[in-house]
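Participant: So the chains spell out like this:
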Amino acid sequence: MTELFMLIAAKYNYCLYVILMMIGLYAMIAKNNLMKKLVGMNIFQTAIILFYVSIGFKHNATIPIIMGDHGHGGHGAAINAADYMNPLPHVLMLTAIVVSVATLGVAMALCVKVYQRYQTLEEDELRMRLSEK
Amino acid sequence: MKLLSLIVVCLTGGLLLYGTADLPDWGDPNAPASLHLSNYYIENAIRDTEVPNLVTAVLADYRSIDTMLETAVVFCAGLACFLLLRDFTPKKDHHYRHVPTGVILHVKNPDRQVIVGNEFEEMDKEWLPPDTIIKTVCRMLIPFIQIYALYVVAHGDFSPGGGFQGGVILGSSFILLAISYNLKYLLKRVSEKFLGILSAAGVLVYMGIGLAAMVLGGNFLDYEKYAPIFGEHHIRALGMLGVEIGVGMSVTAVMVIIYINIVSEGKHDEGL
Amino acid sequence: MYWSINLVILIFVIVCALGAIYVKDLLATAILFGAYSFMMCLLWAIMGAVDVAFTEASVGAGVSTVFFVAAVFRTSRRTKD
Chain R
1 MTELFMLIAA KYNYCLYVIL MMIGLYAMIA KNNLMKKLVG MNIFQTAIIL FYVSIGFKHN
61 ATIPIIMGDH GHGGHGAAIN AADYMNPLPH VLMLTAIVVS VATLGVAMAL CVKVYQRYQT
121 LEEDELRMRL SEK
Chain X
134 MKLLSLIVVC LTGGLLLYGT ADLPDWGDPN APASLHLSNY YIENAIRDTE VPNLVTAVLA
194 DYRSIDTMLE TAVVFCAGLA CFLLLRDFTP KKDHHYRHVP TGVILHVKNP DRQVIVGNEF
254 EEMDKEWLPP DTIIKTVCRM LIPFIQIYAL YVVAHGDFSP GGGFQGGVIL GSSFILLAIS
314 YNLKYLLKRV SEKFLGILSA AGVLVYMGIG LAAMVLGGNF LDYEKYAPIF GEHHIRALGM
374 LGVEIGVGMS VTAVMVIIYI NIVSEGKHDE GL
Chain U
406 MYWSINLVIL IFVIVCALGA IYVKDLLATA ILFGAYSFMM CLLWAIMGAV DVAFTEASVG
466 AGVSTVFFVA AVFRTSRRTK D
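So the protein lines, in turn, are chains R, X and U. Position 26 of the first sequence, counting from 1, maps to 26 under the numbering used here, and the rest follow consecutively. Plus 133 on top of the position in the second sequence (first one is 1) and you've got the numbering used here. Plus 405 on top of the position in the third sequence (first one is 1) and you've got the numbering used here.
It cannot be assumed that every hint is accurate.
Said to hold, decoys possible - Taking lysine-lysine and the BS3-like style, the derived pairs with C-alpha atoms no more than 25 Å apart in a straight line are:
1) R:113 - X:358
2) U:429 - R:11
3) X:268 - X:241
4) X:241 - X:400
5) X:225 - X:321
6) X:268 - X:225
7) R:37 - X:258
8) X:321 - R:58
9) U:429 - R:133
10) X:225 - R:37
11) R:58 - X:225
12) X:400 - X:225
13) U:429 - X:135
14) U:485 - X:268
15) R:58 - R:37
16) R:37 - R:113
17) R:113 - X:268
18) X:326 - X:241
19) X:326 - X:358
20) R:37 - U:429
21) X:224 - X:358
22) R:113 - U:485
23) R:58 - X:241
24) R:113 - U:429
As the list claims (entries may be wrong) - Facing chain R, a subset of chain X residues (Cβ under 10 Å, in silico):
25) 134
26) 139
27) 150
28) 152
29) 164
30) 184
31) 195
32) 203
33) 204
34) 215
35) 275
36) 301
37) 384
38) 401
39) 403
40) 405
Since the hints were derived computationally from the structure, they do not count as laboratory data. The beta-carbon is built from N, C-alpha and C at its ideal position, and this holds for glycine as well.
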C-alpha cells in the first residue's frame with residue numbers, strides 16, 4: 001500500500017493530466033449542447049498537449065534558446081545537451097495548437113449554420129426535428 | 134445516458150492511470166524522449182543554422198515540411214469557413230438616420246431606388262452612439278500592436294516568437310478594429326478580396342521558396358542553394374525568415390476571415 | 406520548488422475546466438474557457454516551454470475566446486444543461 005502511495009506521489013502530475021483528459025472526454029459524450037461539446041473537445045486537446053510538453057521537461061535545465069556569444073564564430077564552448085530543455089515536443093505541439101484553433105473556427109461556423117436551419121443547438125431537439133421532417 | 138458515459142469515462146481513466154505507472158519519472162534527463170534525436174538538434178543547430186532559438190530552428194529548418202502542410206491546413210480552414218457561411222444575397226431593407234435630428238427611416242421596399250442626401254447616413258438595425266473612450270483608445274493602440282506583431286515575426290530567431298504568434302497578433306489587431314468601430318469600417322479598409330489573396334499568397338510564398346530551391350538544383354526546401362544569390366553567411370537563417378513571413382501572412386488573413394464570417398453569419402453587414 | 410506551484414496551478418486548471426462545462430450560460434462558458442487557456446499558458450511557461458506558452462496566450466486566450474463569443478452572439482445564450 002505504501003508503495004502504491006509512493007508511486008502516486010512520484011507521478012502525481014500524470015494522474016492529474018489523465019483526470020483533465022477525462023473531463024474533456026466526458027463533456028464531449030455526455031453534454032447535450034453542441035457548444036459544450038466543442039468546449040470539451042478543446043479541453044481534451046489542450047490536456048493532451050500539456051501531457052506531451054511535460055515529457056520534454058528536464059530538471060535544472062533552461063529554456064531551449066542557446067545563450068552565450070553566438071556571433072560570427074563565437075560558438076566555441078561546447079553545448080551540453082543536458083543543460084537545455086528538449087525542443088522536439090515543443091515543436092510538435094506548436095503545430096497541434098494551431099490546428100486546434102483552425103478546427104475550432106470551422107466547428108463554430110458549422111454550429112452557426114445548424115442554428116440558422118433548425119433554430120436550436122440541443123442534440124435531443126435536433127434529433128427530434130430530423131426524425132419528424 | 135449520462136450514467137453510461139460516466140462509467141465509460143471512469144473505465145478509460147482507470148486504464149490510462151494504470152498505464153502511467155510505466156512512464157519515466159518527470160524531469161529525468163535520461164528519459165527516452167530526450168535521448169536520441171533531440172540531443173542532435175540541441176548540439177548541432179547553431180553550427181548548422183546559426184539560429185539560437187532551437188524551437189524555430191527545428192520548426193522552420195529541420196522539420197519544415199510539417200510546417201508547410203500546417204500552413205495549408207490553416208488556409209483550408211479559412212476556405213471552409215468562407216464556403217460554409219458566405220451569403221451573397223443583397224440586403225432587402227435599409228435603415229437611414231437623419232444626422233441633425235436623429236430620425237430613423239426604414240425603407241422596406243427593395244425595388245425603389247433611394248438616393249441618400251448629405252444629411253442622412255446608412256446604419257445597421259440598431260444605432261448606438263459612438264463611444265469616445267473605446268474608439269480613441271483602440272485607435273491609438275492598434276498601430277503599436279501591429280508593430281509588435283511584426284517584431285515578433287522578425288525576431289523569431291532570437292527570442293520566443295515566430296511566424297504563427299506574430300500572425301495571430303496581427304490578425305487580432307484587425308479584429309480589435311472591427312469590434313471597436315464597426316464591421317463595415319474594417320471591410321472598407323481591408324476588403325475581402327485582399328484577405329483571400331493574402332491567405333493564398335502566404336502558402337504560395339512557402340511553397341515557392343521550396344520549389345525555387347529545387348529549380349536551383351537542390352532538394353525541396355534546401356536553403357543552402359540560395360547561397361549564390363544572398364551570400365554564404367547566415368543563409369539558412371534567411372531562408373527561415375522568408376518561410377516565417379509566409380506563415381504569418383497566411384495565419385493573419387485566416388483569423389480575420391473566420392471572425393468576419395462567424396460574427397455576421399456570412400452577410401458582412403453588421404457585427405458585434 | 407517546481408512541484409508546489411505546479412500543483413496549485415493544475416488544481417486551478419481542473420476547477421476552471423469543471424466550471425466551464427457545468428454552467429448553463431454560454432457566455433460564462435466562453436469566459437471560463439478563456440481563463441482555462443490563461444492558466445494553461447502559465448503552466449507551460451513554468452515548465453520552460455516559452456514558445457508554446459506564447460502561442461497559447463495569443464491563440465487560446467485571445468482569438469479563440471473572441472470566436473466563441475461571436476458564435477454565442479449569433480446563436481442562443483441559454484442552454485438546458
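Participant: If a hint holds in the structure, say so; if it does not, say that too.
Facilitator: Status of the hints after comparison with the structure:
no.: 1; hint: R:113 - X:358; result: violated (48 Å)
no.: 2; hint: U:429 - R:11; result: violated (35 Å)
no.: 3; hint: X:268 - X:241; result: violated (31 Å)
no.: 4; hint: X:241 - X:400; result: holds (18 Å)
no.: 5; hint: X:225 - X:321; result: holds (21 Å)
no.: 6; hint: X:268 - X:225; result: violated (30 Å)
no.: 7; hint: R:37 - X:258; result: violated (32 Å)
no.: 8; hint: X:321 - R:58; result: violated (51 Å)
no.: 9; hint: U:429 - R:133; result: violated (29 Å)
no.: 10; hint: X:225 - R:37; result: violated (36 Å)
no.: 11; hint: R:58 - X:225; result: violated (62 Å)
no.: 12; hint: X:400 - X:225; result: holds (12 Å)
no.: 13; hint: U:429 - X:135; result: holds (17 Å)
no.: 14; hint: U:485 - X:268; result: violated (37 Å)
no.: 15; hint: R:58 - R:37; result: violated (35 Å)
no.: 16; hint: R:37 - R:113; result: holds (16 Å)
no.: 17; hint: R:113 - X:268; result: violated (32 Å)
no.: 18; hint: X:326 - X:241; result: violated (30 Å)
no.: 19; hint: X:326 - X:358; result: violated (35 Å)
no.: 20; hint: R:37 - U:429; result: holds (13 Å)
no.: 21; hint: X:224 - X:358; result: violated (54 Å)
no.: 22; hint: R:113 - U:485; result: holds (20 Å)
no.: 23; hint: R:58 - X:241; result: violated (68 Å)
no.: 24; hint: R:113 - U:429; result: holds (22 Å)
no.: 25; hint: 134; result: holds (7 Å)
no.: 26; hint: 139; result: holds (7 Å)
no.: 27; hint: 150; result: holds (5 Å)
no.: 28; hint: 152; result: holds (9 Å)
no.: 29; hint: 164; result: holds (7 Å)
no.: 30; hint: 184; result: holds (9 Å)
no.: 31; hint: 195; result: holds (9 Å)
no.: 32; hint: 203; result: holds (5 Å)
no.: 33; hint: 204; result: holds (9 Å)
no.: 34; hint: 215; result: holds (9 Å)
no.: 35; hint: 275; result: violated (22 Å)
no.: 36; hint: 301; result: holds (8 Å)
no.: 37; hint: 384; result: holds (7 Å)
no.: 38; hint: 401; result: violated (14 Å)
no.: 39; hint: 403; result: violated (15 Å)
no.: 40; hint: 405; result: violated (14 Å)
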